[in-house]
Amino acid sequence: MKKKVLSLILAALTILAFSGCAAKPATETTPQKTDAEKIRIALVLPATVDDMAWGQSMVEGLKAVQKNMGEDKVEVAISEKLGNAVDAGAAIRQYATQGYEIIFAHGSQYQSVLNDIAKDFPKTTFAYGTGFATQPNIFAYDPQAQEGGYLLGILAAKMTKSGVVGIVGPVESGDAVKYNYGVQQGVAKGKADVQTRIAYTGSFNDIVGAGNLAKTQMSAGADIITGSSQQAVGAVRAIGETKGNYWLSTDMDQSSIAPDHVLASQVYHWEKVVNKIIDLRKQGTLGGQHLTLTLADGTIEFKYNEKLADKVPAEVKAAVETAKQEIISGKLKVELPKK
Amino acid sequence: MEGFMSIDIFIIILATGVRLATPFLLAALGEMFVQRSGVYNLGVEGIMMMGAFAGFFATLQQGSPLLGIIVSLAIGALMGLIMAFVSVTFKAEQGISGIGLYMFGWGLSGLLFRLYVGGVTSIDGLKPIAIPMLSDIPLIGQVLFNHNVLVYTAFLLVPLSGIILYKTSWGLNVRAVGNKPEAADTLGVSVVKIRYQCLIVGGMLAALAGAFLTIGQANMYADNITAGRGFIAIALVYFGRWSPWGILLGSLLFSMADSFQSMVQVLGINFPYELAVILPYMVTIIALAISYGRVWAPAALGKPYERGTRG
Amino acid sequence: MSSKHNGVFKQIIVLLLALLGALLVGALFLILAKSDPIKAYGVMFSGPLGDKFGITETLVRTVPLLLVGLGIVISFRSGIINIGAEGQILAGAIGATAVGTSLSDVPAMILLPAVFVAGGACGAIWGGIAGWLKARLSVNEILSTVMLNQIALQLYLFLIRGPLIDPKEVSYGTGVPQTALIPEQIWLSRLVPGTRIHSGLIFALVLAVLVYIFLWKTSRGYRLRAVGAGSEAARYAGIKVEWYLVLAMAMAGGMAGLAGVVEVTGVHHRSLEGLSAGYGFSGIVAALFGRLHPLGTIPASILFGALLVGADMMQRAVNIPAAMIMVIQGLVVLFVVSSDYFLRNPDSIVKLKAKFLGQKWIGEVGSKWKDS
Numbered sequence: 156m157k158k159k160v161l162s163l164i165l166a167a168l169t170i171l172a173f174s175g176c177a178a179k180p181a182t183e184t185t186p187q188k189t190d191a192e193k194i195r196i197a198l199v200l201p202a203t204v205d206d207m208a209w210g211q212s213m214v215e216g217l218k219a220v221q222k223n224m225g226e227d228k229v230e231v232a233i234s235e236k237l238g239n240a241v242d243a244g245a246a247i248r249q250y251a252t253q254g255y256e257i258i259f260a261h262g263s264q265y266q267s268v269l270n271d272i273a274k275d276f277p278k279t280t281f282a283y284g285t286g287f288a289t290q291p292n293i294f295a296y297d298p299q300a301q302e303g304g305y306l307l308g309i310l311a312a313k314m315t316k317s318g319v320v321g322i323v324g325p326v327e328s329g330d331a332v333k334y335n336y337g338v339q340q341g342v343a344k345g346k347a348d349v350q351t352r353i354a355y356t357g358s359f360n361d362i363v364g365a366g367n368l369a370k371t372q373m374s375a376g377a378d379i380i381t382g383s384s385q386q387a388v389g390a391v392r393a394i395g396e397t398k399g400n401y402w403l404s405t406d407m408d409q410s411s412i413a414p415d416h417v418l419a420s421q422v423y424h425w426e427k428v429v430n431k432i433i434d435l436r437k438q439g440t441l442g443g444q445h446l447t448l449t450l451a452d453g454t455i456e457f458k459y460n461e462k463l464a465d466k467v468p469a470e471v472k473a474a475v476e477t478a479k480q481e482i483i484s485g486k487l488k489v490e491l492p493k494k
Numbered sequence: 106m107e108g109f110m111s112i113d114i115f116i117i118i119l120a121t122g123v124r125l126a127t128p129f130l131l132a133a134l135g136e137m138f139v140q141r142s143g144v145y146n147l148g149v150e151g152i153m154m155m156g157a158f159a160g161f162f163a164t165l166q167q168g169s170p171l172l173g174i175i176v177s178l179a180i181g182a183l184m185g186l187i188m189a190f191v192s193v194t195f196k197a198e199q200g201i202s203g204i205g206l207y208m209f210g211w212g213l214s215g216l217l218f219r220l221y222v223g224g225v226t227s228i229d230g231l232k233p234i235a236i237p238m239l240s241d242i243p244l245i246g247q248v249l250f251n252h253n254v255l256v257y258t259a260f261l262l263v264p265l266s267g268i269i270l271y272k273t274s275w276g277l278n279v280r281a282v283g284n285k286p287e288a289a290d291t292l293g294v295s296v297v298k299i300r301y302q303c304l305i306v307g308g309m310l311a312a313l314a315g316a317f318l319t320i321g322q323a324n325m326y327a328d329n330i331t332a333g334r335g336f337i338a339i340a341l342v343y344f345g346r347w348s349p350w351g352i353l354l355g356s357l358l359f360s361m362a363d364s365f366q367s368m369v370q371v372l373g374i375n376f377p378y379e380l381a382v383i384l385p386y387m388v389t390i391i392a393l394a395i396s397y398g399r400v401w402a403p404a405a406l407g408k409p410y411e412r413g414t415r416g
Numbered sequence: 009m010s011s012k013h014n015g016v017f018k019q020i021i022v023l024l025l026a027l028l029g030a031l032l033v034g035a036l037f038l039i040l041a042k043s044d045p046i047k048a049y050g051v052m053f054s055g056p057l058g059d060k061f062g063i064t065e066t067l068v069r070t071v072p073l074l075l076v077g078l079g080i081v082i083s084f085r086s087g088i089i090n091i092g093a094e095g096q097i098l099a100g101a102i103g104a105t106a107v108g109t110s111l112s113d114v115p116a117m118i119l120l121p122a123v124f125v126a127g128g129a130c131g132a133i134w135g136g137i138a139g140w141l142k143a144r145l146s147v148n149e150i151l152s153t154v155m156l157n158q159i160a161l162q163l164y165l166f167l168i169r170g171p172l173i174d175p176k177e178v179s180y181g182t183g184v185p186q187t188a189l190i191p192e193q194i195w196l197s198r199l200v201p202g203t204r205i206h207s208g209l210i211f212a213l214v215l216a217v218l219v220y221i222f223l224w225k226t227s228r229g230y231r232l233r234a235v236g237a238g239s240e241a242a243r244y245a246g247i248k249v250e251w252y253l254v255l256a257m258a259m260a261g262g263m264a265g266l267a268g269v270v271e272v273t274g275v276h277h278r279s280l281e282g283l284s285a286g287y288g289f290s291g292i293v294a295a296l297f298g299r300l301h302p303l304g305t306i307p308a309s310i311l312f313g314a315l316l317v318g319a320d321m322m323q324r325a326v327n328i329p330a331a332m333i334m335v336i337q338g339l340v341v342l343f344v345v346s347s348d349y350f351l352r353n354p355d356s357i358v359k360l361k362a363k364f365l366g367q368k369w370i371g372e373v374g375s376k377w378k379d380s
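Protein chains in written order, with the working numbering: chain A, 156 to 494; chain B, 106 to 416; chain C, 9 to 380.
Hints are computed from structural coordinates only; laboratory data are not their basis. Warning: the hint list may mix true and false statements.
[Claimed, not checked] Cβ-to-Cβ under 10 Å is the rule here; a few derived chain B residues that face chain A:
(1) I117
(2) A120
(3) Y257
Using N, Cα and C, we set each Cβ at its ideal position, and we do this for glycine too.
Assemble the whole structure, with the sequences as input and the hints as a guide.
Shown next as structure tokens:
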């Protein structure tokens with residue numbers, strides 16, 4: 156029996172192998188020549204293209220670039236749900252082989268696989284983030300999430316009635332920590348006796364867990380809540396069912412989920428990052444730079460929800476604006492946690 | 106730290122725990138019938154995802170959460186049927202078929218979502234129904250009697266499952282098929298039929314658990330919405346030693362621990378939050394470990410029934 | 009043609025029919041997703057097996073699948089349903105990384121074995137806990153392994169964001185949850201330049217043979233299988249059942265832990281988020297496809313690795329949602345595991361035919377089965 160099975164599987168494999176050789180390989184092994192005018196961009200995402208957070212904000216940035224430059228000038232290919240860096244590595248290498256010129260690996264976990272691949276494709280530009288480590292043909296991008304977080308924190312401190320601001324975090328690391336730390340500092344700056352309460356779901360994608368944690372936050376007194384990563388949409392929705400509570404969103408404007416509850420957003424303008432990388436590449440810089448997203452260069456935008464803008468008193472807006480100008484001018488530096 | 110462990114906080118923890126227990130309870134009671142009949146279905150997670158999507162989609166289309174419940178039950182029955190077809194009729198290795206079903210359900214729910222919805226979309230789900238009189242009882246009123254209909258359903262299913270399992274002839278047949286299929290067969294009970302029925306019931310309850318997540322809690326759908334809850338439900342069947350009351354105990358213990366750890370985090374007690382997040386898992390293992398005793402399990406669990414020849 | 013050849017031939021036909029069935033049903037979903045099934049499947053098969061890149065990528069997946077699968081073989085053979093490999097992989101990875109990064113001055117000759125031992129031991133301890141809980145405290149292994157997976161994941165995240173985080177991540181303020189790189193001298197060598205296939209493959213293949221020898225050629229292995237065949241009978245025969253349960257789970261955990269080690273030393277060179285990559289579950293499928301035989305698990309892991317790679321390539325070639333990959337994988341698993349029935353019961357095909365022609369299909373299955 157054992158031997159039979161073994162031989163059976165081997166035989167099946169052989170057949171598969173033959174069928175593989177017979178079929179024409181869909182992927183060319185040499186980089187395709189494309190006309191010089193057209194830029195081919197590929198994007199690899201850990202989560203989904205429609206997560207209303209990190210992934211979607213980048214997809215929309217690429218689409219905006221495509222729209223501005225013309226569909227015939229920019230080609231965009233996307234692979235999603237590659238949270239596992241091994242599969243992501245295969246996708247990245249395949250894109251490089253197919254002659255894509257700029258490949259965005261939109262996750263901090265892709266740093267190692269990129270280093271591995273970039274050596275073999277010296278003429279291709281790779282970019283990933285959040286990160287800092289670069290190679291001659293790898294850009295690292297790094298949103299200064301704490302800057303917008305600080306402004307949202309000031310807003311929260313001045314708007315809360317209960318005196319408690321809640322954070323529904325995913326996992327205590329990376330961008331979430333930066334953002335949360337910014338919010339905490341902003342709240343402290345905004346009003347001395349307002350508390351910030353941080354709790355984590357322990358998952359990047361458990362929207363049900365995030366919704367429940369938001370409910371717990373609210374029942375324990377928080378009336379303004381924020382949080383990052385794709386799990387946060389569950390929390391936004393939970394707040395959307397209540398009265399008098401507000402959500403502050405980050406990564407992208409999440410007001411479409413709860414139009415009457417999302418007070419303001421920190422929005423990443425990936426379009427500008429993508430444009431910058433395209434320009435640098437045209438000038439012959441294939442990588443090697445650590446690109447930060449900041450309020451100062453406009454890649455991070457602080458944005459009120461227009462529908463609710465009149466709920467924010469003018470003096471609160473003024474305080475936020477002052478802080479924003481101080482950050483932009485460099486007078487104020489929002490600190491990062493030091494362990 | 107004001108008033109930590111005040112009575113209000115305590116009530117919030119309990120009420121949240123009751124709500125969190127619902128999906129585990131529904132899925133685990135379903136899986137209990139499945140395992141009692143001698144099959145273990147590791148595909149609960151996949152069925153839950155399909156149920157979650159079906160309930161969400163029907164509610165989105167028609168604006169009726171009730172319809173969402175009905176559609177998810179139908180989809181759950183269908184998924185249970187697939188599992189029955191593979192593991193009962195074709196007598197496939199149950200661990201592998203369950204994992205196959207899990208992958209299929211995860212993939213299909215995500216695919217259908219992308220094809221027919223796409224993007225974050227909200228629905229108006231089930232509303233809490235405060236039961237008159239009872240919800241006004243001090244303390245327990247808010248804990249027990251101000252939830253949505255699926256929460257009540259889940260808790261009512263506990264005694265109901267007990268009655269079905271222990272007091273009806275069908276329940277007797279289920280237990281017989283799971284324990285001594287040969288004997289049951291000799292007495293004219295169709296092993297295959299009972300297992301089909303149990304897998305369909307189990308599928309329906311798992312799908313309902315999924316639907317609870319979308320139309321009873323999140324009011325939206327996202328990829329991997331169950332986030333491992335189906336596997337925990339399976340684990341809780343073992344915790345409950347295949348009895349409805351044991352499953353109730355396990356579900357409540359797990360959920361109360363979860364609700365408690367969220368509150369502890371929110372109230373800002375300073376230690377690594379991971380310790381808080383793993384609390385429910387630790388508590389469940391430890392509770393089972395210290396209560397160990399005579400272990401009983403359906404004797405034919407996991408064994409496809411081969412008639413006549415080898416036992 | 010001899011009857012034996014006839015048997016093998018029939019088995020291949022059945023397996024191929026099962027694959028065909030899965031692909032046909034999958035084609036319906038592909039059409040639903042408005043893509044061309046023929047083109048999609050062309051990529052799915054030619055991708056992983058058609059060129060150097062595809063083949064090596066398939067083998068990159070084969071290594072962890074095989075190692076996890078070997079652990080599953082040992083645990084299932086001793087009667088334990090171990091679904092805790094996800095957590096055991098993480099335990100192994102973090103153990104290996106901790107040793108690798110903290111002893112970076114030690115020469116590779118010593119450090120590499122130390123890393124493997126550390127990772128294997130961490131996996132073994134994590135698996136052994138479940139074994140011990142079952143043996144001493146009667147805690148069901150499905151419960152404990154499900155719970156231990158979650159606990160391992162949270163502890164792993166804590167370690168890679170906290171005590172073991174790459175110091176550079178802190179100084180640059182990015183705070184990405186990943187450890188420092190392990191020293192380059194212990195990176196597993198690449199077998200084919202320009203690809204990712206690493207010497208972990210050889211390690212896994214050797215281990216498969218060793219597990220085979222252990223289970224079938226040693227008395228311990230024999231007793232372990234005896235425990236799996238029936239613990240009461242084994243107890244009568246004087247076998248210390250409890251001890252063997254712990255041993256089996258420790259070995260299973262150790263194998264999964266080694267899968268974590270080769271992922272660290274061969275692929276990522278550090279511990280990072282998402283490292284276990286679902287291998288804990290797909291490894292179960294690989295082991296069961298391999299008929300719970302260490303050597304059978306080898307081709308099964310290759311097959312399943314090809315499926316993972318091919319389905320993933322499909323996403324890029326025909327532009328379908330990534331979820332389709334899981335649909336196809338799930339269908340292949342369900343069909344292939346069902347087709348097994350026809351191999352065990354050679355005369356069943358005839359019966360099935362009669363059934364198809366005779367009655368309404370599902371409603372009658374139950375009662376008809378008894379009469380046939």
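Going down the list of hints, with the structure as the test:
| no. | hint | verdict |
| --- | --- | --- |
| 1 | I117 | holds, 5 Å |
| 2 | A120 | holds, 8 Å |
| 3 | Y257 | violated, 19 Å |
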